[in-house]
Every structure is written in C-alpha cells, then in structure tokens.
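Those protein sequence lines, which keep their order, are chains Z and H.
Using the numbering used here, you'd call the opening residue of the first sequence number 1 and step up by one each time.
Using the numbering used here, you'd call the opening residue of the second sequence number 292 and step up by one each time.
No wet-lab data here; the hints were simulated from the structure.
A hint or two may mislead.
Sample of chain H residues at the chain Z side, in silico, Cβ under 7 Å [claimed, not checked]: (1) P749; (2) V767; (3) I856; (4) A859; (5) A861; (6) L862; (7) P865; (8) L867.
Computed footprint of chain H on chain Z; a stretch qualifies when at least three of its residues, placed anywhere within it, have a C-beta under 8 Å from a C-beta of chain H [claimed, not checked]: (9) 40 to 54; (10) 75 to 87; (11) 131 to 141; (12) 170 to 184; (13) 241 to 254.
Here are a few chain Z residues that face chain H, going by a calculated C-beta distance under 7 Å [stated by the list, open to error]: (14) L13; (15) R57; (16) G63; (17) G70; (18) A103; (19) F160; (20) L164; (21) F166; (22) L275.
Keep in mind the model is a prediction, meaning the values are calculated, not measured.
Glycine is no exception: its CB is placed at the ideal position from the N, C-alpha and C atoms.
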Amino acid sequence: MSGFDWSVGLAALVLAPFVGGLLRGIDRKLTARMQGRIGPPIWQQFYDFFKLIGKARAATTKGSLVWIWGYLLLTMLTVFMLFAQQDLLIIFFILAFAGACLAFGAFSVRSPYSQIGAHREIMQMLSYEPILLLAVVAIFLQTGTFKVSGIFEYGQPLLFTLPLAFVAVLIALTIKLRKSPFDISASEHAHQELVRGVYTEYSGRFLALIELTHWYELVLILAFVALFWAQPLWVGVLLALAVYFLELIVDNVEARLQWNWMLSISWAAGVGLILLNIIMIEMFFGNVLRL
Amino acid sequence: MAGDTLIAILILLPMATAAAGLAVKDQLRRPLIIIPSAVLIAASLMLLFQVLEHGPLTFTPAPAWGSVILVLELALLAYFVYLGVVRRHVLVLGLGGLQFALFCLFKFAWLPSGFKAQPALHVDLLAVVLGLVISVVGALIVIYGLNYMDNHERHLKLSATRQHIFFFFLVGFLGAMNGVVFANSLLWLFFFWEITTLCCYHLIRHDLTAEAEQSALRALWMNLFGGVALLTGMTLTYQVSGTLSLLDLTGFGPVGPVLLLPLALFCVAGFTKAAQVPFQSWLLGAMVAPTPVSALLHSATMVKAGVYLVLRLAPAYEGTYLSALLAVFGAFVFMVASLLAISQRISKRVLAYSTIASLGLVVCLAGINTGLAIAAAVALIIFHAVTKGLLFLVVGIMEQGIHSRDIEDMEGLITRLPVISGLAILGMIVMLFVPFGVLFTKWASIQAAATPFSDLYPLAVVFLALGSAAGMVFWVRWIGRLISNVSAADAPPAEPRPEPWRSVSYLVVFSLLAGAVALSALAAPLVSSLINPTVAAMGYSPALDTAGWHLATPYGFFSPWVLFIIIALALLLPVLLVRIRPEEVQPVYLCGENQPATGPTFRSIADQATPAQTGGIYWTRTFGEQSLNTWVNGAGIVLLAALIVGVIV
Chain Z
1 MSGFDWSVGL AALVLAPFVG GLLRGIDRKL TARMQGRIGP PIWQQFYDFF
51 KLIGKARAAT TKGSLVWIWG YLLLTMLTVF MLFAQQDLLI IFFILAFAGA
101 CLAFGAFSVR SPYSQIGAHR EIMQMLSYEP ILLLAVVAIF LQTGTFKVSG
151 IFEYGQPLLF TLPLAFVAVL IALTIKLRKS PFDISASEHA HQELVRGVYT
201 EYSGRFLALI ELTHWYELVL ILAFVALFWA QPLWVGVLLA LAVYFLELIV
251 DNVEARLQWN WMLSISWAAG VGLILLNIIM IEMFFGNVLR L
Chain H
292 MAGDTLIAIL ILLPMATAAA GLAVKDQLRR PLIIIPSAVL IAASLMLLFQ
342 VLEHGPLTFT PAPAWGSVIL VLELALLAYF VYLGVVRRHV LVLGLGGLQF
392 ALFCLFKFAW LPSGFKAQPA LHVDLLAVVL GLVISVVGAL IVIYGLNYMD
442 NHERHLKLSA TRQHIFFFFL VGFLGAMNGV VFANSLLWLF FFWEITTLCC
492 YHLIRHDLTA EAEQSALRAL WMNLFGGVAL LTGMTLTYQV SGTLSLLDLT
542 GFGPVGPVLL LPLALFCVAG FTKAAQVPFQ SWLLGAMVAP TPVSALLHSA
592 TMVKAGVYLV LRLAPAYEGT YLSALLAVFG AFVFMVASLL AISQRISKRV
642 LAYSTIASLG LVVCLAGINT GLAIAAAVAL IIFHAVTKGL LFLVVGIMEQ
692 GIHSRDIEDM EGLITRLPVI SGLAILGMIV MLFVPFGVLF TKWASIQAAA
742 TPFSDLYPLA VVFLALGSAA GMVFWVRWIG RLISNVSAAD APPAEPRPEP
792 WRSVSYLVVF SLLAGAVALS ALAAPLVSSL INPTVAAMGY SPALDTAGWH
842 LATPYGFFSP WVLFIIIALA LLLPVLLVRI RPEEVQPVYL CGENQPATGP
892 TFRSIADQAT PAQTGGIYWT RTFGEQSLNT WVNGAGIVLL AALIVGVIV
C-alpha cells in the first residue's frame, strides 16, 4: 500500500460523512417534492445528527450499544479499504461482518420489534451477499484481479462488458440501502408494523452513530457503483449519482415487499443476470484469464 | 527418534491404549488416557519436523504384520456380516456380504500370492498435516471426554459404567485414522478405513437407545457402501495398472495415470465417509451419540478420512472430466447443506450441516485442482478441525448445563452461562468472519473457483456465493439467540451451581479457541511453513505469497494480522469503553403499553399483563428438510451418476 493509497483512504474517511449526509439531505428534499411537500432543508441530516448527539442517554442493554460501535467502525474500515484500493472480496467480507454487527445489536435486546428486524436483516444479507460477491467475480473476469487498483488500470469502462451484472448490483444496492421495496428490516417511519425494526431500541447518540454509519455505507456503495465507469472517474461519479436518483424514485413508488419476494427477486433475477453476464463474457467479450 | 518409530507410535499407541483401557480399573483411566494423549501430540509434532527436514518417510513393516492385518481384516469383514444377521438389517447384511466376498476373491483369487504394494506406508507432508490434526485435536477431544462421560453416566444413572467400551473405540479411532492417512498401499488403507467404520458404528450406538441403534446401523450401511466402492476401485485399479500404491496412482511412481473409473469410485467412497449428499443422513443421525463422539467424527476423524482420500488423489485426476465435476458437486453440497442448516433449531444439526458444507468445499477445491485451490483445501481442513471441534465441545458443555440441544432454549444463555456462551460466540465468529482462518480459505476458494479451471466454473462459483451467504444466516441467528438479553426474572431456572470454568473440559475448549485464533492471526507463517510445502510436495506450484506475513495470491491481497488487530480493536474498545449507568436503562418498546413494574410485560386484552416473548425464526417452510430434501438428494444422486457415467463414457 503506497502513501498515496493511505492518504486517499484517510481522506475518504474524513469526507465520507459530509458527502453521505448531504446526499441523504437531498434524498429527503427530493422525496418531499415527489410527495408534494416542501421538505426539510438540505442540511437537515446534520442538524438531526447533532441534536441526537446532545440528547440524554437511554439504553436497554449494553450489548446493543457495543455492537453498534462495531457496526460503525467496521463500515469505516470498508470505506477506507475501498478508497485505498484493496481487495474487493475482503472489503465485502468485512461489510458482511459490519452488517452482522447491526443484526447482533438488535438481537441483544429482547424486544419483539428489533428481534423481527434482526431476523429480516439477515434475510436481507442472504439476498444481497451473493450478488455482491458474484459482481466482484464478474469484474475479476474482466480485470484479472480482485483489487480495486486493477479496475483503474483496466482500459475501458466495465459497464460495457458487465451491463447485466450492473443491473444486479442495483438490486443489491436497494436492499443494502434498505429502500423500498426492500426496506423489510427497518422502516423509514416508526408507525408501521415493524416500528423501526433493527433501530427500534436505539435513541440519542447511538441513533446518531447509526445515521453516521449509513452515510459511510451510502458512500461505499455509490463508490462501488462508480467503479463500473472508473476511467474517466467523473463519469463514474455521475453514474453513481444517477443511480442514487433512480433509487429515490423506486423508493417512492414502491411499497414494502415480503422477505420471500425479496429473496426470489435477488436470487433469480440478480444472480441469474450475473450468471448470464459471465456466460456473455465467455462467449463474446473474452475472459482475460484465458489469455 | 527415528521416523519409523514415530509412525509406529502414532498408529499403535492409541490402539494399545484402547486395549489397555479395557483391562484397567476405572480409577486408572485418567492417567491411562492423558499420558498417551500427550505422547501422541508430541510424536505427531516430532514427525512433522522430521518430514519437513528430511522429506517424506517410507516404511514397510516386517512381513509378519501383513499376515496379522489379513487375519484381523477377515475377522472384521466377517463381523460386519454377523452384525447384519443379528441386527436383521438387510442392507448391512447385503453390503457386508458383498464386501466380504469381493475381498476374498480379490485377495485370494485375483492378486498373485505374495503381492505387496511397496511401500506399505508413505508419510509425506499432507499425511503429516492430517496426522497432526488427528493427534492434536483428537487427543484434546478424548481428554475432554473424561469429564463429559462422568457427567453423562451420572445423568443417565447407569448401574455399571460402560466407559471402558466407550474409550476403547474413541482412542482406537485415532490410531486407525493415523493409519488411513499414513497408508500408501491401498490394502492397508482399506484395512484402516474399515476400522474407522467399525469404531464409528460402536460409538454412535454407545447409549444403546433405539434411536442410537438405528442411527448406528444407518451409518454402518452407508459406510459399508463406501467400503464396497473402495474395494471395487482397488480391484479395477489392479486390473488396469497392476499397482495398489497411492504413490503410483498420483504420478510419483513408475505406473502412469490409470483409468478414471477407479478414481471416481474412490471419490464415492470418500463421499460416504465425508457424508456428502446423498449420504448426509448418517452424520445427522450420529448426533445421538455422546458429544465427544460428534466432536471427533466431525473434526479430527471419520469425515476427514473421506476428504483426505479425495484430496490425496487430486494429482491423479488433474485436468479431467472427473475433476471438473467434483468441483461442481462439492460446491453444490456446500450450498445445499448451508441452506438446509438455516431451518435447523437443534444445535448439533446446525453444526452437522455446517460440517457437511465445509467438507463439500474441500471436495470442490480438490476438483478445482490448482495450487491455490489445494492450498485452500489443506488450510480449510486444519481450521475446520480446530473450530468445529471447539464448537461441538462447547455445545456438549451447554447441553449438560441446560439439558437441551435446542437453540430456542439457549435464548439469552450469555446471562446464564456466560463463560461457555462467550466461548461459543467467539468460536462462531472465528468460523464466520474475516480475518479468521475459515474465511481466509473462503477468500482463496472464491478466487480459485473464479479462475476458469473448466467450462463449468460459473456454476461452481455461483454455488459458492449462495452457500457462503446462507452460512451467514444460521451462524448470525444462533449468536443472536445466545446474546438476547433475558433478565434473571424471566429466564428459565438454570443450574444452581456456578459454571465449573476451571475444569478440564473448559480448559480443552479454551485451548482450542486459543489455537484457532492464533493460527488465524498467524495464517501467513502457517502457509509459508506448512501449507505451501505441502502443496509443492503434491506436485502443484504454490500460489500464495507470504511476504511481510501478508497473504497474496496472483489476484488478491489479504493481511490477516493487520486486519486482526484493527477488527479486534473495533470490537473490544467499545466493550471496555461503553458504560451505561443504571438510571439510563429503559424498558424495551412495547407500543407504549409497558408495565415496567413486572419486567417486559405489556397491557393486552382486558388490561391484563401479558409477557412479551421473542423467539428465533427458522424459515422452515422455505428451507426445511421436508421441502428441500427430495430435491437435494435427487440432485445429489444425479450428480453422482453423472460422475460415474461420465468417466466410463
């Protein structure tokens, strides 16, 4: 790892919350407009964040608080590693650990709502994990390496040869961001059957930590999307923003699905698309590893 | 000490100890078992250094041993037939009889008299690694068994102890396993192979309940089926190539590669031992046995013999149709076993399915058959043995604590039995997450599967991705049930006595966990000093670079110790630093209808206080055995048929 990688990774750690928070603010603004409301200011997420930090502490168990720290720190580790151009497989393995920490946090409280949320959270992991791993494999077949650095050394945008894998990643992304129709482990608003699912038992500064983690998660996922058009990178950034906008629309027009729908869609459509894409690579585009 | 002596110690000492155990008094059992166990561990380590330093050892015992083995072998095969008769079990009788007849024909009619496969024993690095796993993990499990069986018999209120029989087979098993991995002559291998079948049968039926008898007979007939496959493979091998030496088969001897059919039959024999689909039911049934048996079968012995044989033969079928199909078959087993585990709420069944999945992964890696894949397979055998042994022993202690194997009864066990629950959670994290050893092998497996080793690779890699996600579900949920915070008021009454965490059983669990963590953090030196040389000795080019104690493949990079430090800090610092004051503790949210005075209860119908209950979700309708088994077994049989038919055509 060069000094450059270190500095990019550390810079990402510092900047990601601002970008993530801002994007979430834009999300809320646009969502409000789509629903015919004025909506909060774009900086509202940051106001919320600092308000939550200042609140009196309340908790149900220590365990849930400890795990939520793990969720934040491990997600930060994945952001650092992605921007420092490390191994994508390891990044997603650590992301899985981080996601499991969120589930553990909810599992540690004997609350019906957070327990159901935790079970659904692991169903979400079952749905998106294979897509992410297989997308990484599909990228590998084009670049010959699992490292992010290899994508930048690869001549052309990955999107040209991995269009179907890209679509599959969009499915995984909606699940990972817990957006409708896949917001099954935690609803955005607390007055539904789930209450707030995995987040039900968090308040104050610990809810702020979760919010912060979501900003990091958002940046990580959009950065992964941008990798599909890494040269030149500004196109990738635009691509990621376009994808985020698409997610907003889908989020607003869809209702929540049941878990078994989610699983069939992600396994049949998501995994199926990537498999098809791999076959396309073998038949038309050429697998670099066979050269 | 000479290598020959060490080999003799590793095979004969457990058998002699087992025999002596039948004779001595119960009070002498502890020293009788603990001292040879220590010797066994020391001998396996010395053998390792010897082989690392001087290369593989070959050894042919005096001819008299050949006759001893022949007599014992005939007695053993006749005993299986006898079991079929007295237990009135058609399959055991049929397969046992077939095996007996085939062996007699082969040995006395087809083989020229005085035929010897030279050398009888050949100990290379792969054999030593397996020997190390068998001796170290196996001996620890046997030591754990001492306390466990005392508690077990106290709980069953037996009038006369049956421990001498139990330890006879348990300790003898280790010798037989060492024999399997050290054998070079297929005749010797077959002999030890059959002894493991015998030990397995008697250990499963140890408690003599109807269920135990039934499970033991199922294990017996399935393994006899494997024995028949092995014997048929041997016969064919001899007819085709005139040799019965593994060295010759794997390309290190004078005879070149043989026909694929016998190799496919050897793999089928391996699948029966390793409980691969459709033979998985015997391993699931084996959980009726006392826990040390499960631990031994799953980690150090029995199932490892199966994957050992498949892995040992890998160089012989490199680049063939058989190899490509093994990769798909193994990946398929990995996936379906992980999916089936999601629906299981009996802890030992979850562990059993996870074992089957891991063994499927080893088979898959043997089929991928590249330097990277073989390295991952060897690493997985080591890490799986330590971690799975640990988890079974933990479950055994829990079971004796709460008298249940049901994960639902383990809700909030962390508050009732904190030490053992903590060990269980750590063990599962070691099994599941980066940066630990099992995940390192998964990382290497996906890389190996993604390289186009055959045209079927996309299938293998998809199965691996799906299976690995399914693995997350059942482990995370299990940990979740353990950490669910049950207040003392509404927990089921626990054992009044405190956890005996200074006892030998706990000590064994502690040491296995320490071993798993240390091996994981030091994965790079382990690879450079042991796994890379093993892979090289099998004729592959090592694919893992370990400069700076990082692990690098041609395609990826992973630094176990750096990640270990970071992740340990990320999880441990909050444990130490997060504090909540008693006045900050709030009741859980129950839609605003809490009745805080009486614990987690809420006002329900007619303002009555109703306790809030939580439970695990097992998604039985989707992932249950009832809905999946037909498909799983059907697909398994089709794949096996494709394996056999494909190599004939």
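Against the structure shown, which of the earlier numbered hints fail to hold, in ascending order? 3, 4, 8, 9, 12, 13, 14, 19, 20 and 21
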